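S.K.: Protein chains in written order, with our numbering: chain V, -15 to 336; chain L, 57 to 588.
Zero decoy hints are in this set.
Pairwise CB distance ranges (calculated):
id, chain 1, residue 1, chain 2, residue 2, range
1, L, Glu388, V, Gln102, 24 to 34 Å
2, L, Trp367, V, Gln220, 37 to 47 Å
3, L, Glu112, V, Gln102, 53 to 63 Å
By construction, these hints were calculated from the structure, which means they are not laboratory data. Because the structure is a prediction, the values reported are computed rather than measured. For each residue, glycine too, the CB sits at the ideal point set by N, CA and C.
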Amino acid sequence: MTFKIAASPHAHQRRTTQQVMRWVYLALIPGVLAQTYFFGFGVYVQLALALLTAWAAEGIAMRLRGRPVAHAWQDHTAIVTAVLLAISIPALAPWWIIVMGTAFAIIVVKHVYGGVGQNLFNPAMAGYVLLLISFPVQMTSWPIPNELAQLQVSISDTVSLIFSGFTQAGYNLEQLRMGADGITMATPLDSLRNDLNHQMTLSEALSKPIFGELGGIGWAWINIAFLLGGLVLIKQKIISWHIPGGFLVGLLVPAAIYWLFNPDQAITPMLHALSGATMLGAFFIATDPVTAATSNKGRWLFGLLVGFLVFVIRTWGGYPDAVAFAVLLANMTVPVIDKYTQPVAYGHGGRS
Amino acid sequence: MSAATKAIEAGHIWTFPGGIHPPERKEISNQTPIAPLPLAQQYTIPVKQHSGAPGEVLVQVGDKVKAGQALTQVGANNGLPVHAPTSGTVTAIGPGMIAHPSGLTDTVITIEADGNDEHVAFEPLANYTEISRAELLERIKTAGIAGLGGAGFPTAQKLALQRPLDYLIINGVECEPYISADDRLMREHAQTIIDGTEILLHIAGCEKALIAIEANKPEAIAAFEALLDKHPQLSLRVVPVKYPSGGEKQLIQLLTGRQVPSRGLPIDVGLVMQNVGTAYAVAQATLQGKPLLERVVTVTGENVAKPGNYWVRIGTPVAYLLEQCGFKPEPEQRVIMGGPMMGFTLADLSVPVVKITNCILVPSSQELAPAQDEMACIRCGACADVCPAQLLPQQLQWLAKAKDYDGLEQQNLFDCIECGACAYVCPSEIPLVHYYRKAKAEVRNIAREKAKAEVARERFEARQERLEREKQERLERHRKAAEARKKAQAEAVAQGGDNPQDAVQAAIARAKARKAAQAAAAEQQNKDGDDA
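Assemble the whole structure, with the sequences as input and the hints as a guide.
M.R.: Laid out in structure tokens, this is it:
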């Protein structure tokens, strides 16, 4: 009888890539529920479209590359990309937006560079930036929170809007986004930026109906929900605290300093923390292991850089939010960060 | 006394980066006392069981041998002897399966046991402090003792290094899951291990020893605590449970906060380490005069009916050992020599137990699931988080796949201790250690080829130089000979003798005259013909 040959170690911790990815998308559930609560069912339609597209794109790309298709579906990385992109775009955006973005993310950003583990840029964010630059109107048309909306959108209206551009009653998205005063409502960050640029003071800018006690209505709670999911990931050791910690410090410390010197003209750190994609970015996007730095020190620096870039772009840049740009810019610096944060190996003069 | 030394004395335990906590599973094998294994019918003893050259074979086929009789000689290049494990007849000397991951063969001596188990007369030593250090070292060497912890480095060789030593560390950590051989030995033979430690201290000329035991072995710790009061030179250190805290470099870091320099030895930082099994064997060799004939082997895993620890003679075939323990193989059974983290699989069970064999593990596929397909690295960095050597395993993996050997050296490939922590946590199930071993072998091969090529080049250049030199010498000889001849001639002429040149000229003149005569005659003949 001959016996099976195997390489050591023979013991293996049973946490596969698939399980890691599953934790990531399960931890997104609180945030998705919050989004649904404030912005309606559109997010589910977007999720379904994104998942279908990702599944197909992954299959096509693997087939073109002559690799086993089932292998790629198994690792669930495409699911994470699809989910992140679907929850980043406005919930009622037309169907082709998410399809195009997801296909680009999977085929070009991921597979053209060699597939999972090889891509330089975060696929979901590269897809997002492609869409934002190409279709700025659709990509910034966030629905207004349900509690402020004049017209409630049903599930069938949602589907109809996404696929045809009109509700069953014939309203288009622009009409739905109007407030009681007949003015289209912007997202909180967008509105703040415009108002502050127009020499309004912060308190004046915050007096608009889209703001509640914590910040933008809906947005604050969505951020808190993503924060919760993120803390679960840290607890489960799916991510380390270094990137989200760095991100928040890099964003909030400069923001606080800037605000202390310009209390009337700057967004408060609290608003920074609970607006836009801050928490989603800090815990779910910047932490993509493939495109982030690898050592703990490197991760900390990477997080700081992303957070700081978000602050800079939000404060002086041309876009209201900046997580996608900040992440992509920081992705580019990863090889350098990795090079200069290599830990000192045992026996090479480091201290115990 | 420096602050660092004070902290060591005070029993401070440092920490080392990374490490993992795999399921320990030691309870499978550590519940019962070490049992003697019944004699086998046949033993195969590899001549090389340590790191160093094998000794010269002393026996011939057909020889009767007794237990403890040396089969090979103490030789040059760290050559250690091996001994007959029982009495019987040498039936073969030749290539046989050995315990090596390669599955290659090496010279083995086969002994057919006669069942009497007679042994040669052992020479006990009442007071080892009365004989010289050199004699003690010789005793350890002739007993064939090599590090029983796994590396198999000749113990006497390690002790012979005459360098200042702060501490002797006795390693009873046994951090690898499943294995409990050292645990049982410490519980049952603490006094002998202490004796061995004192002998080692005496030989090494060292004052203090630290005995390190992992916190998951309370019985072993209690056994030592009960005895150490009477041995002021020895102190106990309990280290927290973490794999690989029993690795030599990691244990040094834990107990002293020092790091062995890259490519250096523990003695470079004033330390020397021995395994508890080695300390036991040293005591046996010194006090009882018994060479290394047997060792404790853990037989464990869900596919043996009688897991436990056994006194196993060196040379016992693994097949026999497993048979005695009620081995029930399953399809695609893995038989692992060593533990689940660093052990290697055996394809053929005729392989014998050797001096460094601490465990035979036969897991079911439920308890240690076979490796899955390797997936792509997602750079998650889990490997870097657990690496005790502070390397970047995923970086090494890319470089190894790309065969970037300079890059691998830059990333300190050779500081990898192959503990397997990285591969253990890898969510993509990449067999990282396998890649590193292969890359290390390739780097070594390249270095060897380079050295060979260098030697060949030197040889070629030396030959070219020699040929050129010989040519020059030959020309020089010819030139000198010609000069000498000319000089001799000149002298001869000067002395009025015949100038050889004259003779040449005369010969030329003669030849010319003859040619002229012939030409004239021919012309005459032609004329005559015309006239006719």
